[in-house]
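Chemist: Protein chains in written order, with the numbering used here: chain A, 1051 to 1286; chain B, 2 to 365; chain C, 134 to 425; chain D, 420 to 803; chain E, 55 to 310.
One or more of the hints may lead you astray.
Unchecked claim - Using 35 Å as the maximum straight-line C-alpha spacing, the simulated DSBU-like pairs for lysine-lysine come out as follows:
#: 1; chain 1: A; residue 1: Lys1104; chain 2: B; residue 2: Lys360
#: 2; chain 1: C; residue 1: Lys423; chain 2: A; residue 2: Lys1233
#: 3; chain 1: A; residue 1: Lys1226; chain 2: C; residue 2: Lys423
Said to hold, decoys possible - A short list of chain B residues far from chain E (calculated; beta carbon distances all over 10 Å):
#: 4; residue: Phe14
#: 5; residue: Glu34
#: 6; residue: Val36
#: 7; residue: Asp172
#: 8; residue: Asp181
#: 9; residue: Gly222
#: 10; residue: Ile226
#: 11; residue: Phe338
#: 12; residue: Lys360
It is worth saying that the hints were derived from the structure and are not from the lab.
A virtual CB, placed ideally from N, CA and C, is assigned to each residue, including glycine.
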Amino acid sequence: MALLEIKGLKAYYGQIEALHGFDMDLEEGEITAVLGANGAGKTTTLRAICGMVKASGTITVEGENVVGMSTEAIVARHKIAHVPEGRGTFVRVSTEENLRLGAFTRRDKEIEKDYERVYHYFPRLKERRNQQAGTLSGGEQQMLAVGRALMLRPKIMLLDEPSFGLAPIITEELFKILGKINKEEGVSMLVVEQNANLALEISKDAYLLETGNVAMTGPADKIMDDEQVRKSYLGY
Amino acid sequence: MASTDVAGNVPAFLNQNPKDRIIVLGVPLPLLERVGLYVLLAAVVVLPMVYDGYDIYEFGKILMYMLAVLGLNLLTGFNGQFSLGHSAFFAVGAYSTAIMMDQLGVPYWATIIPAAAVCFVAGFLFGLPALRLDGLFLALATFALAIATPQLLKYDGIAHLTGGVQGIVLDTPYPPAWIDGIVMSITGEELSIDRWKYMFTALVAVIMFAGAWNLVHSRTGRALIAIRDNPLSAKTMGINTSVFKSAAFGVSAMYTGVAGSLFAIMDEYLAPESFTFAEAIKFLVGGVVGGIASLFGAIFGGWFVLEIPNIADLAASSLENYINNPQGLTGLIYGLFLIFTVYVMPMGAAGLAQILVHKISTRR
Amino acid sequence: MDLFIEQTVSGLASGAIYACLALAVVMIYQAIDHFNFAQGEMAMFSTYIAWYLMDDAGLGLPFWIAFVVCIIVSFIGGAAIERIVFAPISDAPVLSHIIVFIALFSMFNSLAGFLFDFTPKQFETPFGHTPLIDGVISAHRAGMVVVTLIMLAMIYAFFRYTPIGLAMRAAAAAPESARLVGIRVGFMLALGWGLAAAVGSVAGMLIAPITFLTPDMMLGTLLYGFAGAVVGGLTSPLGAVIGGFLVGILENWMGTFIVGSQLKLTVALVLIIVVLLVKPAGLLGRVVVKRV
Amino acid sequence: EARNAPGVTAKEIKIGNTNPYSGPAAAYSSIGKSVGACFDKFNSEGGVNGRQINFISVDDGYSPPRTVEQTRKLVEREKVAFVFQALGTPTNSAVHTYMNKKQVPQLFVATGATKWGDPKNFPWTMGWQPNYQSEGVVYARYVLATQPTAKIGILYQNDDYGKDYVHGLENGLGDKAGSMIVSRESFEVTDPTIDSQIVNIKNSGADTFYNVTTPKFAAQAIAKNFELSWAPLHLLNSVSNSIGSVVSKAGFEKGQGMISAAYLMDPTDPEWKSHDEYKAWNAWMDEYYPDGDKADSFTAYGWSVCHTLVKALEQAGDDLSRENIMAQAANLKNYRAPMLLPGITVNTSATDFYPIEQWQLMRLKGEGWERFGDIIDGSVGSGS
Amino acid sequence: MSTEILEVEGVQVRFGGIVALDGVSFTMPEGKIVGLIGPNGAGKTTLFNCLSRLYVPNEGDIRFKGKTILQSPPHHIAQIGIGRTFQNLALFSTMSVLENVMVGAHSASSSDFMSNALRLPWRGREERKLRESSAELIDYLGLGDVAHTVVGGLPFGTQKRVELARALASEPELLLMDEPAGGLNHDELEELGSVIQQIRDERGMTVLLVEHHMGLVMSISDKVVAIDFGKKISEGTPEEVQNDPEVIRAYLGTGH
Ligand SMILES: Nc1ncnc2c1ncn2[C@@H]1O[C@H](COP(=O)(O)OP(=O)(O)OP(=O)(O)O)[C@@H](O)[C@H]1O
Ligand SMILES: Nc1ncnc2c1ncn2[C@@H]1O[C@H](COP(=O)(O)OP(=O)(O)OP(=O)(O)O)[C@@H](O)[C@H]1O
Ligand SMILES: [Mg+2]
Ligand SMILES: [Mg+2]
């Protein structure tokens, strides 16, 4: 059974149905890419997994249906780290306090070490460690969002356009890091990404969403070969 | 992408009011709104023909509070500046009118416009330092203003104008002879003073309501809301945020101040105790319960602040058989009413109305 | 003794009152990102509970036991208010919450009068009222300053050395993000309300021996508490205490040397606003920069 | 019968009242309640002139605009015969003109301002308790007689009530007011404490302290003087001289030697325990107002003023027109309302709208007030 | 030689100890698209904020059409002819798309409190014109379907487009775009690229484009400026900058 299993997922914003009931899996230890045009429902899918929108259907994480559970419970029980769209920075506190909040549910002694790990990946954050996080540049905040997610030592990572606003050199670096963490720590990842080349490269499987439904799914390399995907997402 | 070379070839969506698409009980919403507005206006006109005495006096008070609440709505609801101090502007309006009548012998009807001007200036001036105060800091500043107001009114240095702790007793605002004459020739009765006070209040209230309506649905209104939603980007769009915010303070103070003038004329008496912090709270409650960014909401708010204490009073008295001295619990019941109101309509009456309209229109 | 010194000391003593309440204001601000206008009335009501616990007509408990019980009861009460009254409207706009604060204000005020009537009650103090130093300050006021400082140290430590303090601020300012990192926002809110109510109850029990216990005891005091907290900086407990003392002293100086007692409050408030114009985040408050 | 006021039937007399049951002045609500309880007693004993009293007491929150609304509602919708014991100076002021224009009696208003006794301009309005100014005069005379060189410091609440007291003292001192009064400090009801003011008064070199404060602040002032080790001649206004709710709370030891004036019996004073009027009051409290606070002197006040009204209504007999009710209220001769101090009576006439104008001075000794000297006539109001 | 519409000269901005811009100078030829690139935190947005006068440079000068803008208050900038979009959406979230765009045209209209409250006739005419021109823009950017929708709930990419429409509404001569391509897929990106070129060609606007998507920047820019740590490190045609070893080291990485 997959680590994360979605069946018949529908999601709602008030009266509006944004997702129309599709299935999606994330296997343990794998990276899965989610592609889709503007407004296709990628963000909504990730939000539904975390209990941030009203949803129906089932979302099974580690054998437990999480639909209807509170966000904080889902996140804490299944060690899911979410890099949200718009970054979700705690703008009033410092960079380092943001990282500390990322580790809020942890009780182990390794937290200090993990600061250093994040700072190692993103040296820029170390330079800005005591700065009010709201004044960081857009890309710096994006690094912070990823760093904060890593602070949880997650089992599953949901990444909503993690390369958003990052310089090319950092984007490249980021995907190396994600690949490394996935390999070394076995963290499973669901990656929403417009930078489809990079995402598909590290993914095993991929989904293509279109207006609230899954339009295509399969192994990442197969998807890459698809004519339409190549044209719309890969640009060659 | 569509090209737009042909001048005057306006996209279809512009001519189509989005509200036209909402059909309530078979009638499109804008029509319903317009009819509602006319019905309301008609009611305002008809009321004095039906009611007299205390009843019509109460309707006048509702309109008066409506204006005061409207003032706060313009500032807090539309412009995002929080005020706990509008009792001060209410006082400035009332005292301007009273002092003009009492000291200068100006007839009551002639005091409204100068009082409005005084309040605008007062509000504008207060708005200047308020520019630098954000959120809670502005709340504190206005709170302080509300607390200081009665003390300033009592201050010995200006007591010869304000009447100090004694307040001012005003002359009765008799209707002009020609109006009396017209009414007499139509009805054969003399126009009662209560009816006249109401008519005068209604006239002022309707004019000012229309002004607010125009203002909100205009470039100015959009700028005010833009500042509320995102001050920095509003500035970048070319909006002089300082001027707009201070002016919003001025206009808001003017509305509440004119309400104060009408209050003085209606009650023929004023004293510092009528302008305490509790009054500012009243306006805020009226604004939020009606719907803070809604003009219609202000009407409901005006009614609410006037009537809810009576209802609480009544509810308390009805407990007579179960509790001793239930009147001591009026405050408790008032509080419960407020909480209940927020539960039922967290976005105010206007918000509730919107939801209901939506429900009715989608069910069909 | 020199009038200046005497007024200053007297200002410090009333400042201690404001500082107490300002601490409660800071506490709730950290928890809900806003003022709670009912805070004073809640503290007043807590004090009545303590009075009832101590009074012969009530339970007749000794002071310190009543003190502790009152703090616990207030904590539970504060948390319960959050869960019962505010949790269901957590999505409502802030202004609607303010209306509920006003409602709570009215309810506690009314209930206190109904249950305990309006005659001033004497509230015991373990320190006694003996005059100290030439009759400039009483033992209770001195004790009050000490308790305030102890409370300050505890609150400071809470925010400085426990992760909960940080999480509480995060939950108040950005609930959605807070949930994403696993913070139980509802719990934090309830905890914040509980702690604020507890701090408020201590403030009430310290203030009551001076002002006497009446349902309107906090009516005016709250403004000074707000002012103290704001001047000091809403995010800083130390700032709140300093702010409280400053407001107390300033008010006395104004009333005595500058404008006379009739306008002292007005002028003191104007001065506070001037301070804020110069230092918008208060004396020790963290300046929060917004950028695009 | 035809001439009867609205609200009067063969079976009932409807009487209106406004009182602060909520808001900052709710402490006075016990007046409204005790008046109501007093009417309950009369009603259960067959009523007044064979009619039941229907006492409609409504909340105005001490807010003048609300008083206007409530009073108009009482008069125009409830159609009460008259309004009785409406509480507060600003509140009554707000309907002063209205009541007189409408010619509805505004009887025995519950405030001591001087302006209520003005039959020429306001023939439909009458106070009851001795006015604040007259009390001030009484203290002034006492100071002039005992300490002609006193230096007086005044602490007063910044409203009509406080200012009336100050005027009374000034009037009583006459020419010497300027030289004798060395300090005037005011406070607002919303002030948390009056500490700073007292420090100032003490520092002004005053040796006499004229304390015009309401109960909470009075208790604070007594305690604060003690803390400052300041022991002036302390003149405490009657508003706050209740043993039960002020002096005992502040601490008897802190207030020894204070001077005050009274016209009512203090129900907490053991001296009255065996007095018939006290006993009647006590029995009534037990039966009709059991949850009332016996230490609260407002209950004695309510009891007494209620009797005064009943007396006037009885005098009116079956002619219960508004004119006659007013005329009878202005025709009370040496009426002894219960719980007035021995020797004090109610007297009114067509030109004298001040029902009670007498005081007796007293001094705090041990745990009670010790009255001294004669009953003093403080009538000034009509003259000033 | 084309005239230089914007001249940035030695601009320095400090935040406490942090030097966000450290003496940047460059110029922009009129009617061209200039790409501004640089690593995260290089100071690009800070420069934008200086250009829209939200920040005050500690040193240096900025001249628009030959005149310094440092004396103008922020709300004059739109009137002078500089419009912008924001990196992290700064829309008026409770307003509809149409209203947002109409606010964008604020500086191009003039009715005031008084004329609006009294509903003077000329005000009505202005309002109508404003609505029509805003509607055209909305149509132009393909936002017609959502014209009356409140912007708060729109997908990210759509909101970005609303920002663009709003900035265009004041008909600026110089348009500053801060990462307009965020969250767009390849198709959408190409469309955006052609829109920007159209803006230049049809509307004659000069565009300063900040973007991390090299494909877009390099394909449409006439000139590229690269900065790092607040200093200019390279300037020239897209090819030149793309092959500048310093730019590759600091910004592009080896992948390009
Ligand atoms: N807060 C909201 N209120 C109403 N509708 C919303 C809200 N958020 C999203 N939607 C709608 O749900 C649908 C899916 O949006 P979603 O944000 O999941 O798209 P996406 O694939 O992440 O797009 P993007 O690439 O722009 O981020 C869209 O049609 C959008 O309009
Ligand atoms: N108000 C401020 N206080 C302190 N530092 C600030 C402030 N504003 C910006 N900075 C710092 O200045 C630097 C430049 O920020 P800026 O936003 O201009 O970067 P950028 O080039 O736009 O980066 P990105 O590509 O990530 O958006 C950043 O390191 C940021 O942390
Ligand atoms: Mg998305
Ligand atoms: Mg940037």
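Chemist: If I take the minimum Cβ distance from Phe338 of chain B to any residue of chain E, is it greater than 10 Å?
Modeler: holds, 29 Å
Chemist: Does the claim that Asp181 of chain B lies off the interface hold, with its Cβ farther than 10 Å from every Cβ of chain E?
Modeler: holds, 30 Å
Chemist: Between Lys1104 of chain A and Lys360 of chain B, does the CA-CA distance stay at or below 35 Å?
Modeler: Cα-Cα ~19 Å, so holds.
Chemist: Check the non-interface label on Glu34 of chain B: least C-beta distance to chain E beyond 10 Å or not.
Modeler: holds, 16 Å
Chemist: Does Ile226 of chain B clear chain E by more than 10 Å, comparing its Cβ with all Cβ atoms of that chain?
Modeler: violated, 6 Å
Chemist: Say whether it holds or is violated: Val36 of chain B keeps its Cβ farther than 10 Å from all Cβ of chain E.
Modeler: holds, 21 Å
Chemist: Over 10 Å to the closest beta carbon of chain E is the bar; see if Asp172 of chain B clears it.
Modeler: Nearest chain E Cβ is 31 Å from Asp172 of chain B, so the label holds.
Chemist: Starting from Lys1226 of chain A, check that the Cα of Lys423 of chain C is at most 35 Å away, please.
Modeler: The given pair, whose Cα atoms are some 33 Å apart, holds under the 35 Å limit.
Chemist: Verify this label for me: Phe14 of chain B is non-interface relative to chain E, using a Cβ-Cβ cutoff of 10 Å.
Modeler: Its Cβ does come within 10 Å of chain E, the nearest being 5 Å, so this is violated.
Chemist: Is the Cβ of Lys360 of chain B farther than 10 Å from every Cβ of chain E?
Modeler: holds, 19 Å
Chemist: Given the hinted pair Lys423 of chain C and Lys1233 of chain A, is their alpha-carbon gap at most 35 Å?
Modeler: violated, 39 Å
Chemist: Going by Cβ atoms, does Gly222 of chain B stay more than 10 Å from chain E at every point?
Modeler: violated, 7 Å
Comparing the model with each earlier hint shows violations of hints 2, 4, 9 and 10; every other hint is respected.
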